[in-house]
Amino acid sequence: MALKRLGAIVAMAVAVVAGAASAQTKQIVLGYELPLSGDSAHYGEAFRNAAEIGLADFKAAGGLPGADIVIRYEDSKNDAREARNIAQMFADDKSIIGVLGDFSSTVSMAAAEIYAKSGVPQLSQTASHPDFVKISKWQFRNITTQSYEGPFNAEWMREKGHTKVAVVAIQNDWGLSAASSFADAFKAKGGAISSIEYFNPGTRDFRSILTKINRTKPDAIYLCMFYEEGASFLQQRQQLNVAAAVFGASSLYNDQLIALAGPAVDGLMLSSNFVPTNPDPKVQAFVNAYNTKYGAIPNQFAAQAYDAVGIMLTALKKTGVNATRDSLRDALAQTKDYPGITGQTTFDPETREPVKTVVRMMVSNGKFSVVP
Amino acid sequence: MLDIYFVQQIINGLSIGLVYALMAIGFTLIFGVLNVVNFAHGEVYTVGAFVGLLLITWVAPPLLVVVLAALAVGAVTGVGLERIAFKPFRRFRDEASLRSRAMREATLLSSLAASIVAREVMTLVFGAHMQTIPQAYLLQRPIAIGPLSITNGDVVIFGASLAMLAALQFMLFRTRIGLSIRAVSNSPMGARFVGIDTDRAIIATFAIGSMLGAAAGILVGLYDGTITPQMGFAPGIKAFVAMVMGGLSSIPGAVICALILGVAESVTTDFLASGWKDLVAYAFLIVTLVFFPQGIFGVGRERA
Amino acid sequence: MNAPERAGLLAPPVLKGLLAVIVFVVLPGTLLTIGGGYLFQIATTALIFVILAASLNLVTGTTGLLSLGHAGFYGIGAYTAALLSTQLGLPFLVTLPLAGLSAGIIGVLVALPTMRLVSIYFAVATLGIGEMIYVTLLNWTDFTHGPMGIRGIPSIELFGWRASSSLDEYLVVATTAVISLWALSRLTHSYYGNALRAVREDDQCANAMGLNVVRLKIEAFGISCFFAGIAGALLAHTGKFISPDQFRFSESINILAMVVVGGLGSLPGTVIGVLLLIILPEALRGAGDFRMIAVGSIMFLSILLLPKGLLGEASALDLLRRQFGEAWKSVPGSNVGWR
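As you go down the protein sequences, you meet chains A, B and C in turn.
If you want this note's numbering, it's the 1-based position in the first sequence plus 886.
If you want this note's numbering, it's the 1-based position in the second sequence plus 377.
If you want this note's numbering, it's the 1-based position in the third sequence plus 71.
A portion of the hints provided could be inaccurate.
[Claimed, not checked] Using C-beta positions, here's what the derived DEER-type ranges look like:
(1) C:Met280 / B:Phe669: 54 to 62 Å
(2) B:Thr552 / C:Leu90: 57 to 65 Å
(3) A:Ser1250 / B:Leu441: 30 to 38 Å
(4) B:Arg460 / C:Tyr262: 40 to 48 Å
(5) C:Trp211 / A:Lys1253: 25 to 33 Å
(6) C:Gly357 / A:Val1241: 36 to 44 Å
[Stated by the list, open to error] Anything over 10 Å on all C-beta distances counts as not near chain A; from chain C, calculated:
(7) Leu98
(8) Gly108
(9) Ile113
(10) Thr157
(11) Gln158
(12) Val206
(13) Leu209
(14) Met219
(15) Arg222
(16) Ala266
(17) Glu290
(18) Asp316
(19) Gln317
(20) Ile324
(21) Leu351
Source of the hints: derived by calculation from the structure; they are not laboratory data.
Because the structure is a prediction, the values reported are computed rather than measured.
Yeah, the Cβ is synthetic: ideal placement off N, Cα and C, and Gly gets one too.
Please take these sequences and the hints and turn them into a complete structure.
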């Protein structure tokens, strides 16, 4: 693994040298700030892998004639202090005309203040904070916003006849907005929310929450959490024999969830905008490339990063070789019906929020499958 | 009428507390008895969990063998840690530095540095994501007692805590090496005067404490289903708190306080919200310390 | 300390003037010529941590109380400044001192019951308080916005002059840092500072000499928290976005590491410790995935080779002996020959 990485570094160095050697092609650099060490390193790893594939695909498809595009990765440790430093470093480097990342909203927003000031277009694959794109006209993101996904799941649960639902959400910006947008929609559709329980990031023991929820006897539980917590939660739910049905947000969608929690996941219903078994050739090409290169099935986070890189490169192609930060931003803002593997993406010209489509999924017999 | 959910909450709390207790036992030996602050204990715990996991995925032996392997690896890790992060700070053998015990306590930061390196190396090798554990080994099978529910893991961890506690008390109070550990703990200077090999006693303490830490790591990893390079940090802080509440040198005291902490967290979740449980746990710590400045079970110590 | 008067170039006033010239002219000048907003960013962060580490140094280095919850007070300062400026629209000149005051007052309130604790019991109490502050910032969503953090904090403004560029921000932070350092240095090198050192060296003896030990400790802790709050306000106004996870336990440990690597009780040492631990991770970016391993290894080597810190006044070891030492003597009377 380390060798492979060393290989990648060498390859990158060679690429840089080669780029410098051929004087005719102009080098265009995109910055990517992401966690490569610390607690969230595995997310950053997936982003980097997906971005490498995205860039290779772009070049294979003709790339941008006359320009050599390089992505420069910097480790932010998912730490706001580091992210500010990187943001300033990227902003100073005039060869960098666009930036991808960071991972969590907190860190992305700390960096965003600097990108906003220096006028660098920033496209995050995951920052979900409702205010992220409100910081300035330079911020974009490629995620399913909860204002769409929450009502989508609420509708589904009402169709299934659930009237009383408990919500369990992680205490971060994403969890807060996911829980509230779901709860509002569910109440608007005539359902009742028996309680909303927030837990601090890092919690692994949900038995107290489960016992508390069980007291109110809800029909169903809606989970706004990531797969790590989801695995613990579902196992402990089985252990405490809580009967309520379980629904979840797309963040739970990860093969690791089933690997970690096994049969306890069966029956989980969730929404997702990326399905690796999707027969769409684009999706299959990405899944195969990822699997051959890194020996794993990509998850939703990798897919979002792949699309984010794709959106950025497509905008870059539109602006051409003489792209500047301003022209790239304008091109990004005009992104319309980008045919990504996480669905079609259009940036709303006013709010720069992506508009996406999601599907219903269910776990049965240890497999995710799309519910028609 | 007795609220069945509330009883279940108490049970949940006790089982959370048992996890802290299991970790606190190994901690207390090194921190409390030997009085060395070892920030890397959490990493020993993680190493134990990873070695156990590797063994499970490669050989799939019975659980007891896994625990024994973790114990062995823990002992080796402990000795290695002592050699790298603690021994170099005991380089002076003159009376003054031994008496001040100064060198040994520089290890607060050397162990912190060692723990950063160990954690990052593990992240590099295994990745930061949660490791997949074969279902058969997970200690999560429910055991129903009427309307209440516990898991086989609760039983295993309870048994392991009892066994560790008993073994440790026996070792400390009935064997020669235990005697020398207690002697060094009381006064390393005095121990040297009466001919005790203090280095050997310290290495033994590290070996035993780390053995217990590593075994706790794999058991808790299987129980929680969470094995990551970062897993040692959060329960480590709670175990540390439990140890201090219990009064540093009292291992049974640390166990009881760990249980109190667990129940406090669980009951807080029931009455307030899960997010506030840490607040209550730490408030509990501070109230305890204000009223029992030496910890609940601490013996009256001299002020320096 | 009581070093003999040095003549010529190394005389203290000359040295101080030289340092001032470096901080206010040479460094920003150099940074401007290499055109580094990135370097300004690092320099500003480093200066904020200089205030933090210097304030922790007062408690841990000079007074000898190991505090593991300093980031909490830093957070209180940052949140006070952020809330006052975004909710009430107060200017920087008001939010800065208020941030310090609120952190200082909470520090004193916290210190009142816990200051009678000795050694590691105090350290763990501060750890608990730091975590309590974090949990409160995270969960009191109505007041602190919880995990959403606070965004759009106005930049520094003084009498109508707005610090808009990196250079302006750097200069304001540098001025605040220099004033704070000067205040802390005057404090530690006064009779009052000697009293604090007496408390560190032997609090029973200090008590017998007529010093009110508990009061001194509470005051020192309050002052230290005041400066931590100031640092927090600077972070809020320069970073413009704050959220609870910037003030966690690991940050407290970071600050402590800076103080100890630099040398407990020595202000110049603290400054060097900060520079080392802020610049090192940035300088090692080239190491890629091995970066944090390298940082840990260098930290380890510096402790191994310089156990007293780079410029320690009290050796780090002495302090830790005091923190953890007495717990050794669990048998009463066994220390008769000692003191």
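- Message: According to the definition I'm using, a residue is off the interface if its beta carbon is farther than 10 Å from all beta carbons of the partner; does Ala266 (chain C) meet that for chain A?
- Response: Non-interface label on Ala266 (chain C) holds, nearest chain A Cβ at 35 Å vs cutoff 10 Å.
- Query: Range hint 57 to 65 Å: satisfied by the CB atoms of Thr552 (chain B) and Leu90 (chain C)?
  - Reply: holds (59 Å)
- Range agreement (Cβ of Val1241 (chain A) with Cβ of Gly357 (chain C), hint 36 to 44 Å): The hint (36 to 44 Å, Cβ to Cβ) holds, given that Gly357 (chain C) and Val1241 (chain A) are roughly 40 Å apart.
- Does the Cβ-Cβ separation between Trp211 (chain C) and Lys1253 (chain A) fall within 25 to 33 Å? violated (42 Å)
- Is it the case that Leu351 (chain C) keeps its Cβ farther than 10 Å from each residue Cβ in chain A? holds (12 Å)
- Item | Cβ separation check - Leu209 (chain C) to all of chain A, threshold 10 Å | Nearest chain A Cβ is 6 Å from Leu209 (chain C), so the label is violated.
- Task: Grab the minimum beta-carbon distance between Ile324 (chain C) and chain A and tell me whether it stays above 10 Å.
- Result: holds (13 Å)
- Query: With d taken as the least Cβ-Cβ distance between Arg222 (chain C) and chain A, does d exceed 10 Å?
  - Reply: violated (6 Å)
- Message: The output says Glu290 (chain C) does not contact chain A. Does that hold with a beta carbon cutoff of 10 Å?
- Response: With a cut-off of 10 Å, Glu290 (chain C) remains clear of chain A, as the shortest Cβ separation is near 30 Å.
- Beyond 10 Å from every chain A Cβ - status for Asp316 (chain C): For Asp316 (chain C), whose nearest Cβ neighbour in chain A is about 6 Å away, the distance does not exceed 10 Å, so it is violated.
- Query: Are all beta-carbon distances from Ile113 (chain C) to chain A longer than 10 Å?
  - Reply: violated (6 Å)
- Message: Using Cβ atoms and 10 Å as the threshold, tell me whether Gly108 (chain C) really stays out of contact range of chain A.
- Response: violated (5 Å)
Checked against the numbered hints given earlier, this structure breaks hints 1, 5, 8, 9, 12, 13, 14, 15, 18 and 19; the rest are met.
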